[in-house]
Amino acid sequence: MTDLNIFLTEESIDGADDGPLAGKTVAVKDNISTKGVRTTCGSKMLEEYVPPYDATVVSRLKEAGATIVGKTNMDEFGMGTTTETSAYGPTLNPLDEDRVPGGSSGGSAAAVAAGDADLALGSDTGGSIRCPAAFCGVVGIKPTYGLVSRYGLVAYANSLEQIGPIASSVEAAAALLDVISGKDPHDATTREKPDVTYADAATGDVEGLTIGVPTELVSGADDGVVEQFHDALSELEAQGATVEEVTLPSVEHAVQAYYVIAMSEASSNLARFDGVRYGISGGYEGNWNKAYARSREAGFGDEVKRRILLGTYALSAGYHDRYYKKAQDAREWIKQDFNAAFESVDVLASPTMPTPPFKLGESLSDPLQMYLADANTVPVNLANLPALSVPAGETDGLPVGLQLIGPAFGEEVIIRAGSALA
Amino acid sequence: MSDTVVDADEVRHIADLARIDLDDEEVELFARQFGDILDYFGALDEVPEVEQEADLVNVMRPDEVHDGLTQAEALQNAPETEDGYFKGPRVS
Numbered sequence: 322m323t324d325l326n327i328f329l330t331e332e333s334i335d336g337a338d339d340g341p342l343a344g345k346t347v348a349v350k351d352n353i354s355t356k357g358v359r360t361t362c363g364s365k366m367l368e369e370y371v372p373p374y375d376a377t378v379v380s381r382l383k384e385a386g387a388t389i390v391g392k393t394n395m396d397e398f399g400m401g402t403t404t405e406t407s408a409y410g411p412t413l414n415p416l417d418e419d420r421v422p423g424g425s426s427g428g429s430a431a432a433v434a435a436g437d438a439d440l441a442l443g444s445d446t447g448g449s450i451r452c453p454a455a456f457c458g459v460v461g462i463k464p465t466y467g468l469v470s471r472y473g474l475v476a477y478a479n480s481l482e483q484i485g486p487i488a489s490s491v492e493a494a495a496a497l498l499d500v501i502s503g504k505d506p507h508d509a510t511t512r513e514k515p516d517v518t519y520a521d522a523a524t525g526d527v528e529g530l531t532i533g534v535p536t537e538l539v540s541g542a543d544d545g546v547v548e549q550f551h552d553a554l555s556e557l558e559a560q561g562a563t564v565e566e567v568t569l570p571s572v573e574h575a576v577q578a579y580y581v582i583a584m585s586e587a588s589s590n591l592a593r594f595d596g597v598r599y600g601i602s603g604g605y606e607g608n609w610n611k612a613y614a615r616s617r618e619a620g621f622g623d624e625v626k627r628r629i630l631l632g633t634y635a636l637s638a639g640y641h642d643r644y645y646k647k648a649q650d651a652r653e654w655i656k657q658d659f660n661a662a663f664e665s666v667d668v669l670a671s672p673t674m675p676t677p678p679f680k681l682g683e684s685l686s687d688p689l690q691m692y693l694a695d696a697n698t699v700p701v702n703l704a705n706l707p708a709l710s711v712p713a714g715e716t717d718g719l720p721v722g723l724q725l726i727g728p729a730f731g732e733e734v735i736i737r738a739g740s741a742l743a
Numbered sequence: 006m007s008d009t010v011v012d013a014d015e016v017r018h019i020a021d022l023a024r025i026d027l028d029d030e031e032v033e034l035f036a037r038q039f040g041d042i043l044d045y046f047g048a049l050d051e052v053p054e055v056e057q058e059a060d061l062v063n064v065m066r067p068d069e070v071h072d073g074l075t076q077a078e079a080l081q082n083a084p085e086t087e088d089g090y091f092k093g094p095r096v097s
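Quick note, the sequences are listed as chains E and A, same order. As numbered in the working numbering, residues 322 to 743 make up the first sequence, in order. As numbered in the working numbering, residues 6 to 97 make up the second sequence, in order.
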């Protein structure tokens, strides 16, 4: 294993003797429960937490014959864009150790990029699979909401998050998606998987495909990123795809809506960490509320506190209509905008991240700037759509990712388009 | 500068609601940051009211008994237990 602080727990968990993933190693993000193996969510609060059951995706990995090689570092409870908010220190980017791997599934993407695992699982609430995939030069898929079970995923913002695959090729990521997707009686939001084999969709054939480019998702990106993005589009055009501009006016409000909704859900979800049922207990004096508040002060890092407090604020009396209700309106508007776009195009394309990977420490001091980096990924989660990030060249020696967005349960088409590039 | 003023007392009040103690440095830091962040969220005012299409349907299934966690498994991560129960601090 490389020394990039990729794994929080190294462990060999053997799967079945045979299956579609036999002989493959998989790294699993540390917010996905593994029976008997410590699962910290990158937090001090869960330093000693050992789940008594497996997440559905973990059971499916085992049944498919995969060997799980460890639990990967992540932003604390999935809250971050760089894997620097982990209580266990940042993961380094295998392509440039002075830079972040992206987040929050930074450990998982780095594990694949460094060759420490063939495949990895991440979770994506606002881009947490696609961002590190882009920053580490690998492939990541955020599935349609409801395609992959969230049972056993430690919740941060339930209405937005999905577990998804990270791999070094689109075909390998699609094969992992085949294993983990489909209905699960433990998660009522799951649906039957469409009757397709995703790995077979990675044909690399884009002849006749119409790719829409939302102008709003290109205008804010760095020049070097935009240049690589256009080169990749030209490559797809050369292979027979048609590229046309589209407009999604609603996405200008996506970052605001995303953070209001995610923080509101977080403030509720993280109430369970009270030092009584889970979490560290300092054995503090005082009544229930005081002991609870001190346990949470000691157990949570700054970014988690920031989001819980802002979420509490957004839901509190007098502010609910101003922030939360408006964010829900924005979410619906974004869904309608995407639906309208998919009436004329097959997939949408944008840069995954507006910049190349940040230097370590560069973005920690200004949370708002960090939130703005998610501008291209969060609209997808608000609309519950599938999206994929594929490597699209380099700028100044650093990787650029191209994002392909599909209609709901249209994973097949983004896999087909993405496989023409990686 | 931000138009939304969040002072230290307000941060303490929210922290109280959220059951998170903060030290003075954190209160100062958050008071400064929250103004900017909430100003930014304020741009949601420009969002038009949008007709929500209700695409939700109830999913029903028969109520069947399945195996669940044992009591010991459910308690295994609790810092303190007594007689098969979670043990918490006093209520008041």
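None of these hints come from the bench; they were simulated from the model. Model, not experiment: these values are computed from the prediction. Backbone N, C-alpha and C fix where the C-beta goes; we use that ideal spot for every residue, glycine too. Errors might be hidden in some of the hints.
As the list claims (entries may be wrong) - Cross-link-like lysine-lysine pairs, in silico, DSSO-like; alpha carbons within 27 Å at most:
1) 356/E / 92/A
2) 504/E / 356/E
3) 92/A / 365/E
4) 646/E / 365/E
5) 514/E / 504/E
6) 514/E / 356/E
7) 365/E / 680/E
8) 514/E / 92/A
To be verified - Ranges between beta-carbon positions, derived for each pair:
9) 607/E / 88/A: 36 to 42 Å
10) 12/A / 509/E: 16 to 22 Å
11) 51/A / 359/E: 55 to 61 Å
12) 30/A / 642/E: 31 to 37 Å
13) 338/E / 81/A: 25 to 31 Å
14) 78/A / 480/E: 25 to 31 Å
15) 643/E / 56/A: 52 to 58 Å
Hint check results:
1. 356/E / 92/A: With a Cα-Cα distance of about 24 Å, the restraint between residue 356/E and residue 92/A holds, given a limit of 27 Å.
2. 504/E / 356/E: holds, 21 Å
3. 92/A / 365/E: Distance of about 21 Å is within 27 Å: holds.
4. 646/E / 365/E: Roughly 33 Å separates the two Cα atoms, so the pair is violated.
5. 514/E / 504/E: With a Cα-Cα distance of about 7 Å, the restraint between residue 514/E and residue 504/E holds, given a limit of 27 Å.
6. 514/E / 356/E: holds, 26 Å
7. 365/E / 680/E: The given pair, whose Cα atoms are some 25 Å apart, holds under the 27 Å limit.
8. 514/E / 92/A: Violated, at roughly 43 Å.
9. 607/E / 88/A: 36 to 42 Å: violated, 24 Å
10. 12/A / 509/E: 16 to 22 Å: This hint is violated: roughly 43 Å between Cβ atoms.
11. 51/A / 359/E: 55 to 61 Å: The hint (55 to 61 Å, Cβ to Cβ) is violated, given that residue 51/A and residue 359/E are roughly 46 Å apart.
12. 30/A / 642/E: 31 to 37 Å: holds, 33 Å
13. 338/E / 81/A: 25 to 31 Å: About 30 Å separates the Cβ atoms of residue 338/E and residue 81/A, which means 25 to 31 Å holds.
14. 78/A / 480/E: 25 to 31 Å: For residue 78/A and residue 480/E the Cβ distance comes to about 28 Å; the hint holds.
15. 643/E / 56/A: 52 to 58 Å: With a Cβ separation near 20 Å, residue 643/E and residue 56/A fall outside 52 to 58 Å, so the hint is violated.
Hint check: violations occur at hints 4, 8, 9, 10, 11 and 15; the rest are consistent with the structure.
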